[in-house]
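K.L.:
Take a look at the letters that make up each chain.
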Amino acid sequence: MSKAAFESIYNQAIDIELGLIAIREIARHASSASTSVEADRLHNAIEWIADRATEKLAELSEYAEEQTRPEKPA
Amino acid sequence: MTGPTRHILLGGTTATLIPAAGIPATASPDAALIAECVQAIEAHCQCEASYCYPLHLTVEEAKPYEDRADHFADLAFAHAGKALDLQTNTLAGAAAKARAALALAAKRSDGSLITNGTPDDLAWSALGDLLRLLQLPGSGA
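Here the protein sequences come in this chain order: D and X. With the first letter of the first sequence counted as 1, position 65 gets the number 65 in the numbering used here; the numbers rise by one all the way through. With the first letter of the second sequence counted as 1, position 98 gets the number 172 in the numbering used here; the numbers rise by one all the way through.
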């Protein structure tokens, strides 16, 4: 992974997290998800997005581990 | 979820490698949208600050403060309305909308939110944007 690719994924993960934090907070008090079906759909949508954020963070974590792993002796 | 939590991943990753997280608004295809959201948040902050006047003031004395607050509230919602009219192309744009929604949502004295109208519209629009952008390969890059 190049530095540019890393920064791109990093920024995407941050943006997703920032968006999710705000949406979760509003969803906690949401008056628009008034039925249990709507609330379930909202919850599922948020969790789906959170899973995508987790995937991106896992990619970053893997890259970070690669970078910090000591090189094998030749 | 199996494996490490997002919190641990985020903490571990940022502790190891910290590139510049901020994307300059001018470099983003959502520059106009992000700018509207930032201006909405700033106007909302000005609105809240306008209400910080001495409690002993009479209605007449407090009027300039109230008028100022009304002005900035109108401004905040005008910017938020413009943001709603703009297309969202990036995750940064969606995040900006969500953050503006949270900033503009009215707060009760116990800290809970009153969500309806523009903040609600912004939040659900941002949620829809995130769902749409994350389903497209290479979205938000």
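Treat the hints as calculated values from the structure; they're not laboratory data. Each residue gets a CB set at the ideal place from its N, CA and C atoms; glycine is no exception. Worth double-checking, as some hints may not be accurate.
These stretches of chain X come out as covered by chain D in the derived footprint (C-beta under 8 angstroms, 3 or more residues) [said to hold, decoys possible]: (1) 106-115; (2) 143-157.
Pairwise CB distance ranges (calculated) [claimed, not checked]: (3) D:E7 - X:H130: 48 to 56 angstroms; (4) X:G202 - D:R28: 43 to 51 angstroms; (5) X:D144 - D:K3: 44 to 52 angstroms; (6) D:E7 - X:E140: 42 to 50 angstroms.
Simulated coverage check for chain X against chain D, where a stretch passes if three residues somewhere in it have a Cβ under 8 angstroms from a Cβ of chain D [to be verified]: (7) 124-132; (8) 161-168.
K.L.:
Each hint: holds or not?
P.N.:
To see whether the hints hold, each was checked on the structure:
{"no.": "1", "hint": "106-115", "result": "violated (count 0)"}
{"no.": "2", "hint": "143-157", "result": "violated (count 0)"}
{"no.": "3", "hint": "D:E7 - X:H130: 48 to 56 angstroms", "result": "holds (53 angstroms)"}
{"no.": "4", "hint": "X:G202 - D:R28: 43 to 51 angstroms", "result": "violated (19 angstroms)"}
{"no.": "5", "hint": "X:D144 - D:K3: 44 to 52 angstroms", "result": "holds (48 angstroms)"}
{"no.": "6", "hint": "D:E7 - X:E140: 42 to 50 angstroms", "result": "holds (46 angstroms)"}
{"no.": "7", "hint": "124-132", "result": "violated (count 0)"}
{"no.": "8", "hint": "161-168", "result": "holds (count 4)"}
In the structure shown, a violation is registered for the earlier hints numbered 1, 2, 4 and 7, in ascending order.
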